[in-house]
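Please build the complete structure, drawing on both the sequences and the hints.
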Amino acid sequence: MKAIGKIFSITFLLVLLCMSLISAFANERLYQGCFENIKILGDEPSVLLRITDRKGKYGKDDGVYCYDKNSKYPSDINSADKTYYKRIESYLDFTDELTDKYGKDKKERIAAVLNVGYPNESFGCMKKYVVSANDAMYMTQTLIWDITLGTDNDYVVSDKITK
1 MKAIGKIFSI TFLLVLLCMS LISAFANERL YQGCFENIKI LGDEPSVLLR
51 ITDRKGKYGK DDGVYCYDKN SKYPSDINSA DKTYYKRIES YLDFTDELTD
101 KYGKDKKERI AAVLNVGYPN ESFGCMKKYV VSANDAMYMT QTLIWDITLG
151 TDNDYVVSDK ITK
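Using full-length UniProt numbering, the letters of the sequence shown map in sequence onto residues 1 to 163.
In case anyone wonders, no lab produced these hints; they're calculated from the structure.
Mixed in with the good hints there might be a few duds.
As the list claims (entries may be wrong) - Beta-carbon label-pair distances, calculated as ranges: (1) Asn115 to Asn153: 11 to 21 Å; (2) Asp76 to Ile40: 12 to 22 Å; (3) Thr151 to Ile40: 16 to 26 Å; (4) Ser75 to Lys128: 33 to 43 Å; (5) Ala111 to Asn78: 30 to 40 Å; (6) Tyr85 to Tyr129: 23 to 33 Å.
Unchecked claim - In the DSS-like style, the derived pairs of lysine-lysine whose C-alpha atoms are separated by at most 30 Å in a straight line are: (7) Lys72 to Lys101; (8) Lys39 to Lys128; (9) Lys128 to Lys107; (10) Lys127 to Lys107; (11) Lys69 to Lys86; (12) Lys101 to Lys86; (13) Lys106 to Lys128; (14) Lys106 to Lys86; (15) Lys128 to Lys101; (16) Lys127 to Lys106; (17) Lys72 to Lys82; (18) Lys128 to Lys86; (19) Lys107 to Lys82; (20) Lys39 to Lys107; (21) Lys107 to Lys72; (22) Lys107 to Lys86; (23) Lys72 to Lys128; (24) Lys69 to Lys82; (25) Lys127 to Lys82; (26) Lys104 to Lys69; (27) Lys86 to Lys72; (28) Lys69 to Lys127; (29) Lys104 to Lys86; (30) Lys101 to Lys127; (31) Lys128 to Lys82; (32) Lys106 to Lys39; (33) Lys69 to Lys106; (34) Lys127 to Lys39.
Glycine is no exception: its CB is placed at the ideal position from the N, C-alpha and C atoms.
What follows is the structure, encoded as structure tokens:
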């Protein structure tokens, strides 16, 4: 009788474990990546990348930034060929292929750009210098690409740019 009880307990625990694993995989949300053309200051249009869950923050999907300037853009939102991404909550604590490719230093610099750039705008520069949201997105993306390509420059106290 004890053997049947142990078998039942082990079977129950295995079923419970399998169900929890299925539940964990089912809870991982995927977001569709897409692009849209945006108007920036001047005549040259730019491309904004978006991640959509068809709800978005404040009813608008989140704009996102790309690490690799030479990578292919995701398709249009209505395209049959869709590109999906998953969200990483702890960006700086997470080691991934981008950390391997660009290094932790560049990843930290990009995190600083995301804090100061659009949409977080922690220094209030958009309001102070009257910068549109599209121009701020464009500048943030350009700076991220400059960091990953190694073409960014350091700013010094005297306001002169050094290589």
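Query - Violating hint indices (sorted, rising) - result: 15, 18, 23, 25, 30 and 31
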